[in-house]
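Q: Each chain, written out:
2 protein chains.
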Amino acid sequence: MSLNLQTHTEHFTNPLYLESGRILEPYDITYETYGTLNEEKTNVIVVCHALTGSHHAAGIYEGESKAGWWDGLIGPDKAIDTNKYFVICSNVIGSCFGSTGPISTQHPHHEPYRYKFPVISVKDMVKAQRILFDRLDIHRVEAIIGGSMGGMQALQFAIHYPNFANKVIALATTHATQPWAIAFNKVAQEAILKDPEFQQGYYDPEVIKEQGLSGMAVGRMAGHISFLSHESMNKKFGRDYKRTDGLYELFGKFQVESYLEYNGYNFTKWFDPLSYLYITKAINIYDLSRGFDSLSDALDKVSADLHLISFKNDLLFRDFEMKEIADEMTKLGKKNFDYFCVESDYGHDAFLVELEKFDRYITEVLDG
Amino acid sequence: MSLNLQTHTEHFTNPLYLESGRILEPYDITYETYGTLNEEKTNVIVVCHALTGSHHAAGIYEGESKAGWWDGLIGPDKAIDTNKYFVICSNVIGSCFGSTGPISTQHPHHEPYRYKFPVISVKDMVKAQRILFDRLDIHRVEAIIGGSMGGMQALQFAIHYPNFANKVIALATTHATQPWAIAFNKVAQEAILKDPEFQQGYYDPEVIKEQGLSGMAVGRMAGHISFLSHESMNKKFGRDYKRTDGLYELFGKFQVESYLEYNGYNFTKWFDPLSYLYITKAINIYDLSRGFDSLSDALDKVSADLHLISFKNDLLFRDFEMKEIADEMTKLGKKNFDYFCVESDYGHDAFLVELEKFDRYITEVLDG
Chain F
1 MSLNLQTHTE HFTNPLYLES GRILEPYDIT YETYGTLNEE KTNVIVVCHA
51 LTGSHHAAGI YEGESKAGWW DGLIGPDKAI DTNKYFVICS NVIGSCFGST
101 GPISTQHPHH EPYRYKFPVI SVKDMVKAQR ILFDRLDIHR VEAIIGGSMG
151 GMQALQFAIH YPNFANKVIA LATTHATQPW AIAFNKVAQE AILKDPEFQQ
201 GYYDPEVIKE QGLSGMAVGR MAGHISFLSH ESMNKKFGRD YKRTDGLYEL
251 FGKFQVESYL EYNGYNFTKW FDPLSYLYIT KAINIYDLSR GFDSLSDALD
301 KVSADLHLIS FKNDLLFRDF EMKEIADEMT KLGKKNFDYF CVESDYGHDA
351 FLVELEKFDR YITEVLDG
Chain U
1 MSLNLQTHTE HFTNPLYLES GRILEPYDIT YETYGTLNEE KTNVIVVCHA
51 LTGSHHAAGI YEGESKAGWW DGLIGPDKAI DTNKYFVICS NVIGSCFGST
101 GPISTQHPHH EPYRYKFPVI SVKDMVKAQR ILFDRLDIHR VEAIIGGSMG
151 GMQALQFAIH YPNFANKVIA LATTHATQPW AIAFNKVAQE AILKDPEFQQ
201 GYYDPEVIKE QGLSGMAVGR MAGHISFLSH ESMNKKFGRD YKRTDGLYEL
251 FGKFQVESYL EYNGYNFTKW FDPLSYLYIT KAINIYDLSR GFDSLSDALD
301 KVSADLHLIS FKNDLLFRDF EMKEIADEMT KLGKKNFDYF CVESDYGHDA
351 FLVELEKFDR YITEVLDG
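One line per chain: the protein sequences are F and U, in this order.
First residue of the first sequence? That's 1 in UniProt numbering, and the numbers climb one at a time after it.
First residue of the second sequence? That's 1 in UniProt numbering, and the numbers climb one at a time after it.
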């Protein structure tokens, strides 16, 4: 059977009440589906994307060569089997791939929001998705799954909509963003803000797309450090030099430098800097226990089967952060969870690249 | 007894032949001494500074409040006891505190070198110091000690001038800079280069001193991440917020953000961006085995007693990097070394701040 990839955008005119007390109105949500919804609507799996991801999680668009970000996991006969399941992945609000974000036109003006866009939280992203699913007449799903910021969304779903999903699978994430991760985001934010081309948000998106924004490139380079690990960097690059005759040139390049440069500058051509500021802000303020007395109180709400997957050498969200969730669940006397630390040297990016290390586990959870 | 702090600058007109094949001529070396040289000149200890350090390792200058960077370790009755020892610390060439660097005037022109300054290596820094000591009629010293890039210098001394020191103590360093550390340097270099105020090195140093250079500030923020550890960040900052009412403001601040901002911007007022480019380059190309068939061949030259001190949660120079040196020494059948991993949660900066965890060890080595 085919992937049956479909991309849609839904428009909402009802106000979205945000955690900050502010309102987003109107707003769009762009989403993608794979597989076919069964008649009873009991085969839905929600996939949540990370910071720079989008609704395009699987398949290849016509005329393009690059597949969606979790294509290895989603499709016919893959771990998230589209022969069985109807998969929905939506672009989070605040992002820049179709859902309303800071670069969207602010109604009724004809100008982008820019800094007038309200600060959104991961909880707000989840709330907007819940409203989208309502619109699609989907009121309960088989599973919600996501890694990194996608894992944060999955956990927020588990706590704030405890009856919405039968299973929640959160990978490479945390219960509250730690200072280490906030620090990396700070470097990126500061690099963007101080880039004169950014013009306090009044940049020309077309110019940015062509030339890139060096501030965001620098920030993204720092991000890439946090996505890898000492081990994966040693394996990938070691001390290899691009041109051995350039060792004593001031700007000669180690392989790791070329990698950061290429990925940093390439990134600025496809991601919006205002969205980067807003989404990193959402990640920074993410804390499952906000609004509760404690993390324990928050986790007490969970009624779905909760599956926690961490990665051994993840330097962005450490394995012990996921373990802390598991420990709290144990203390609460909950039985409906498990915690699995994947042996991996890759670092945070493992949830995107080392699929073979956890795809069977995902299959077991979904079939279980 | 007093510290007997003295600051001097020596001028050299003989060419300094650099590892790159280029020549530095003439050049100055600024250095500081503490304690008193005994008649036999047998009580000299050489202290080597790190990336942004200087010759000012101990004591407080008149009218200032901040002490030298290793003041807790150097002084009367301290681990490096100036009642007994005559301590010399010199500013490395390429730096910006008196020794010749890229912002120095290029003879016979009246303009700074800027990019015309040759790329220097840690080996070159050490060679220049050896020439300084010759000038001071010091031909053998009791010990050489340094951390981070200072540790690199200490190790280079041990290999290239095997008969110069009785004891070599290297802390929080490596035998060759790994891609992880190079990556952090890359972020800083790119941030400096892309800052329009940097003007390809044609900035006005006075303007920089007053206003700071936001590119270098961003780069330094990334550096600070590598100097700390997850554990120390959690202890220092946790998720504390500077103003709790600002959580939903786009640019509200977590404590960790304020810390990075303060330290990043403050740094740009006292360190030169061209020196930062040149010294990080020297660190990137540092590799003890260069010019030898292997690390083992290089270490085979060591004749001083070698003392290797690593720090448990150092994320910049991992403990196993120091351990690799120790392992090679063992394989070579050498007996004149020891390796000691300090239990510390602090991260790389531990060699500057957790002195109480290793100062007794230093005393034992020096008195032994």
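If you're looking for bench data, these hints aren't it; they were derived computationally from the structure.
Wrong hints could be hidden among the right ones.
Coverage of chain U stretches by chain F, computed from C-beta distances (three or more under 8 Å per stretch; other residues unrestricted) [claimed, not checked]:
#, segment
1, 133-145
2, 234-240
3, 283-290
Note that beta-carbon positions come from the ideal geometry of N, C-alpha and C, so glycine has one too.
Q: Please go over all the hints and tell whether each is borne out by the structure.
A: Structure-based check of each hint:
1. A stretch counts as covered by a chain when three or more of its residues have a beta carbon under 8 Å from one of that chain; for the segment 133-145 of chain U and chain F the count is 0, and the coverage is violated.
2. Closer than 8 Å: that is the beta-carbon criterion, and the segment 234-240 of chain U has 5 residues meeting it against chain F, so the requirement of 3 holds.
3. Using a Cβ-Cβ cut-off of 8 Å, 3 residues of the segment 283-290 of chain U lie near chain F, which meets the minimum of three, so the contact claim holds.
Consistency note: the structure conflicts with earlier hint 1 alone.
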